[in-house]
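Chain A is already provided as a structure; the job is to place chain B on it using the hints.
So the sequences go chain by chain: A and B. Residue 1 is where the first sequence starts when you use the working numbering, and the numbers rise one by one after that. Residue 1 is where the second sequence starts when you use the working numbering, and the numbers rise one by one after that.
Take these hints with a grain of salt, some might be off.
Same chains, same label: a pair holds when it works inside one copy or across any pair of copies.
[To be verified] Calculated pairs, SDA-like style, for lysine to any residue (alpha carbon to alpha carbon, straight line, at most 25 Å): (1) Lys282 to Arg481; (2) Lys282 to Leu309; (3) Lys2 to Ala93; (4) Lys282 to Asn304; (5) Lys2 to Leu13; (6) Lys2 to Ser27; (7) Lys282 to Ala367; (8) Lys282 to Pro326; (9) Lys282 to Glu302; (10) Lys2 to Arg452; (11) Lys2 to Leu254; (12) Lys2 to Ala517; (13) Lys282 to Asp414; (14) Lys2 to Pro113; (15) Lys282 to Arg303; (16) Lys2 to Val176; (17) Lys282 to Pro307; (18) Lys282 to Phe297; (19) Lys282 to Gln299; (20) Lys282 to His306; (21) Lys282 to Trp108.
FYI, nobody ran anything at the bench for these hints, they're computed from the structure.
There are 2 protein chains.
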Amino acid sequence: VKAEVVAAHRARLDEATHACRTREGWSPFPELPGRYPDAESAQAAGRAAFEARLGRPFHFTPLLPGAAAPEAARHEVSPYTREPLGIAYPMPAIDALFAAAEAALPRWADAAPEQRLDLLMAVVDRLYTDHLFELVYAVMHTAGQSFNMAYAGSGVNALDRAIEALVHARSAMAAVPRQARWERHFGSTRIALDKTWRLVPRGVAVCFACASFPTWNAWPSMMASLATGNAVIVKPHPATVLPMAITVQVFRTLLAEAGFHPDLVTMALDTPEAPLGQALVKHPACAIVDFTGSTRFGQWVERNAHPALAYTETAGLNTVVLHSFPDEAAFDAALRSLATTASLFSAQMCTSPQNLYVAPEGVRVGAHSLPFEAVGERYAAALAELARDPRRAAMILATIQSEATLALVQQMADECARAGRVLLAPGRYVHPEFPQARTCTPLVAALGTEARALYGEERFGPISFVIRAADPLAEATRDVREFGGLTAFLYADDEAVIARAEALYARAGAQLTINLAGPMPLNFAAAYSDYHVTGLNPAGNATLTDLAFVAARFRIVQSRRPAA
Amino acid sequence: VKAEVVAAHRARLDEATHACRTREGWSPFPELPGRYPDAESAQAAGRAAFEARLGRPFHFTPLLPGAAAPEAARHEVSPYTREPLGIAYPMPAIDALFAAAEAALPRWADAAPEQRLDLLMAVVDRLYTDHLFELVYAVMHTAGQSFNMAYAGSGVNALDRAIEALVHARSAMAAVPRQARWERHFGSTRIALDKTWRLVPRGVAVCFACASFPTWNAWPSMMASLATGNAVIVKPHPATVLPMAITVQVFRTLLAEAGFHPDLVTMALDTPEAPLGQALVKHPACAIVDFTGSTRFGQWVERNAHPALAYTETAGLNTVVLHSFPDEAAFDAALRSLATTASLFSAQMCTSPQNLYVAPEGVRVGAHSLPFEAVGERYAAALAELARDPRRAAMILATIQSEATLALVQQMADECARAGRVLLAPGRYVHPEFPQARTCTPLVAALGTEARALYGEERFGPISFVIRAADPLAEATRDVREFGGLTAFLYADDEAVIARAEALYARAGAQLTINLAGPMPLNFAAAYSDYHVTGLNPAGNATLTDLAFVAARFRIVQSRRPAA
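Isolated chain A, as found in the complex (with noise of 0.2 Å):
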């Protein structure tokens, strides 16, 4: 039976490596919870397994190395109930962490890279077949996501993006050779050597996961790592414990059962007041840093992690340009598209639009010129639609992660107010399951350029700017570039206009998504095909899946000697 298993997880692996070239749609999981196998069943244990963890201490086994009696996780609340999980975790001191890592280190260095990848797809099955639904409700409760977007976007999109690092991280091992025999002259003599090269680790990794969405970056960098050989300490936001709790022990149970030391994955956990962030990164035996959390420590991660490698996803405006459409329909079309995708989870996404650019003039549709005015309050009225019947509110903008983004969006309404033009006022739905929930409706304002201070930056949550400007696309491509940006959309019936926009995005490094509309959440990133951050612009160094992503996660050492 293990044979068979092990087979079907390459097989499985070869797919995956074949979508990765063609780059057409793939996935081994259902996209849809009801189309999970025995999706009922499977459902009602998830929400029973993750019941079972609330009110009491989150028991790692084998125990956390350094790990004391558990602490309360007194930041973990649910943005749904208002109510703390009340789960208790380890806080191990971070040296116990590095010191069991490295040395559980040797015998996983030491292992195949065919024998990791093996263990490896062997977690993302246990996740999948295991844990779904338990981590579906985890994200749920934590991050605040709504139950289809924790499923896909937290969960099985997240295992793609997991398989997707181990494609690239197993053909970069692949690269090297692991023997040779090589032969020269030297005046006369010939020289024979046989070589060997080995791939060694870089140490302990440490991967700090975001409050709003965990696993979807973390997995694949503790995949990145560990398949190259590599140890990893996660470190969860504290608002957002569990999945990477449930995430940590399913690595240690799979490490245990197939003979490896579990300390190769453990977790720290910190409090927004005393923080380990620093800690962690400037600690010796820290040699790789992945990080996806705010700007202000990503930059400093990038500038202060040497000697360890930090691979980096911040934040960034994202921006749409509307130009022109062949008609009505479409203008609608896109509009409905617009407004879905920045309410989706109330825009606590790195991929959420925020800025719409639009020329003084207006959008053509058509023959005609829509004002911008116009424009801007048809965006409004699109969003207002949306967010007008809380059971559509509770499926596209769930909750709000943290009290301080509510309190931001309040702030910008008033700051909007007095810069420009409020469109949209935020205000709150009454979810129909939650109704404690923390839930916001988004706000929408009209400014001008005068005002790049304001939109020129990501403002956190369901908050969009209609931008007058007199060229949008070299506005919003002098923003990306500026403050950084992951993703861009453009609407434009002109082909002049949308090669000078791949173009300016090309230098500025967003993905642009052009002309498209319909059922698809514009900013759906999907693994195997689209990549995900550039590093071109300050919004992350990283790209979810390139070489570069996992090639440098490894070194090569060589020993040489004469031919027998």
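Positioned in the frame of chain A, the structure of chain B alone reads:
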């Protein structure tokens, strides 16, 4: 004819790609100067070309941007004649170089990777066909290498390293598809997107070349940056300008011939009194830094290059562990090889062995033990023997590049006399062809581990320490981990010792050569086969050449739109 030339270059790159896979011995170039086509007249023509450069301004065609009248490079003095070369070079303002490079970039960035590779293979061919011996003399009279080493190490081997970088750049770029059709269902709607990917260069790279071995690192670095679409500003050491100026001119000529802007490759020049290094690295347009040189500035680069990428090769102490030999003949052969290798170019190579570790009980030779003292004395005698014959010394030791190195050797001799025992005092030999040449015969000293402050760093120049260590392998690898090291050499007639050494050096990150004797220099690093620098210790972070050396020099930007 042109198509044939391109086809020949592509065939050569394919052969090189194959060699990088098999890592067997291969080179398109003859290793010995005598085997160069029509060697005698080529050498004479190269010498004449070199001599025609002396005592006059070096004119780049077209002129470098932002350059005023050329200024004499006062620090460019032949280590052979001790006379200034008298060449004046333009010293452009670095803002002008960056601006010109940025202006030249877009067309180069937009060119197909194959077109860039064709052109860069033509540069390799032009350097080899039209400038090799001119470069050989330029290296001799700046770096101070022997004619043979300048031909091999700074000539054909460096060209091999350049091709090898192109192989890896091609491979990393080929891993990214340029277009795809992606399809997936969202609900009942099938979404089909046409996706295109552009490889976008980082921008302007700065390549620092070192004084003693400029081309071997700079050529592959330049190739890696240019192949992936970047521009390069070369910053030679003020004492070794000419080899890089000729290099830059060849790139400029071929770029212009192909219709690209020559300012894609330019040269910045400074003086020791007014160094430009920090300003180049911290320039807002600097996107990549390749640095070969001092540990001190290299570590500054690694810490401060952000947001630019940094690729460094600095320095380390290269270790030799003498454990056991099957018989006297093997011991003698090893000592001769070690003495030759440690004398090559007076140990002014980053791969030169420096520290020999011997147990207090000495070395086992056959059934007997040779005491620690006797090992040191025999090694010193082998070095003295090499330096005794000026003709041989000229071929092997060549000259000392810098006056500072002479001073260091004397200072080390004084300190070693106090801290331990000088086994061979440094002196001077008279070069048969250049009686004024700056020469130095090796210093050998025996020390205990209490003198770690003396031997615990690279001491640049003909300096060897024989170190009494209770556990030579543990001590040597500890020193490598702490202070850096590129190469390592082990002599052991015991497979258990060899296995332990391989494990310890793999962890320390030095490339290990075991039980080698004979005519091949022990530190010879063959392109297409030997990986150079692991990045696992402080001796540098970049490997010639692995995927990590090239994969992050370009980024991937995507555009997607509904399929027609």
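Query raised in the report: Is it within, between, both, or neither for lysine 282 and asparagine 304, if the alpha carbons may be no more than 25 Å apart?
Result: Result: close both inside a copy and across copies, 8 Å intra and 16 Å inter.
Report task. Using 25 Å as the alpha carbon limit, work out where lysine 2 and arginine 452 are close: within a copy, between copies, both or neither. Result -> For lysine 2 and arginine 452, the Cα distance exceeds 25 Å both inside one copy (59 Å) and across copies (53 Å).
Report task. Could you figure out if lysine 282 and alanine 367 sit no more than 25 Å apart (CA to CA) within one copy, between two copies, both or neither? Result -> neither (60 Å within a copy, 51 Å between copies)
**Report entry** Same-copy or cross-copy closeness of lysine 2 to serine 27 [CA-CA at most 25 Å]
**Finding:** within (23 Å within a copy, 46 Å between copies)
Query raised in the report: Quick one: lysine 282 to proline 326, C-alpha cut-off 25 Å, is that within a copy, between copies, both, or neither?
Result: neither (55 Å within a copy, 47 Å between copies)
Requested in this report: Give the relationship of lysine 282 and arginine 481 under a CA distance limit of 25 Å: within one copy only, between copies only, both, or neither.
Outcome: Intra 29 Å, inter 18 Å, cutoff 25 Å: inter-copy only.
Report task. First find the shortest C-alpha distance between lysine 2 and alanine 93 inside one copy, then the shortest across copies, and answer within, between, both or neither for a cut-off of 25 Å. Result -> Answer is neither; intra-copy 37 Å and inter-copy 66 Å both fail.
Report task. Could you place lysine 282 and histidine 306 in one of the four classes (within, between, both, neither) given a Cα distance threshold of 25 Å? Result -> both (8 Å within a copy, 17 Å between copies)
Query raised in the report: Within a copy, between copies, both or neither: where do lysine 282 and tryptophan 108 come within 25 Å Cα-Cα?
Result: Intra 24 Å, inter 39 Å, cutoff 25 Å: intra-copy only.
Query raised in the report: When no copy is specified for lysine 282 and glutamine 299, does a C-alpha distance of 25 Å or less occur within a copy, between copies, both, or neither?
Result: Both. Shortest intra-copy (14 Å) and inter-copy (16 Å) distances satisfy the 25 Å Cα cut-off.
Query - Homo-oligomer pair classification [leucine 13, lysine 2; C-alpha up to 25 Å] - result: within (17 Å within a copy, 44 Å between copies)
Query raised in the report: From the Cα coordinates, with 25 Å as the cut-off, is the pair lysine 2 and valine 176 best called within, between, both, or neither?
Result: Close neither inside one copy (29 Å) nor across copies (34 Å); limit 25 Å.
Hints 3, 7, 8, 10, 12, 13 and 16 from the earlier list are contradicted by this structure; the remaining hints agree with it.
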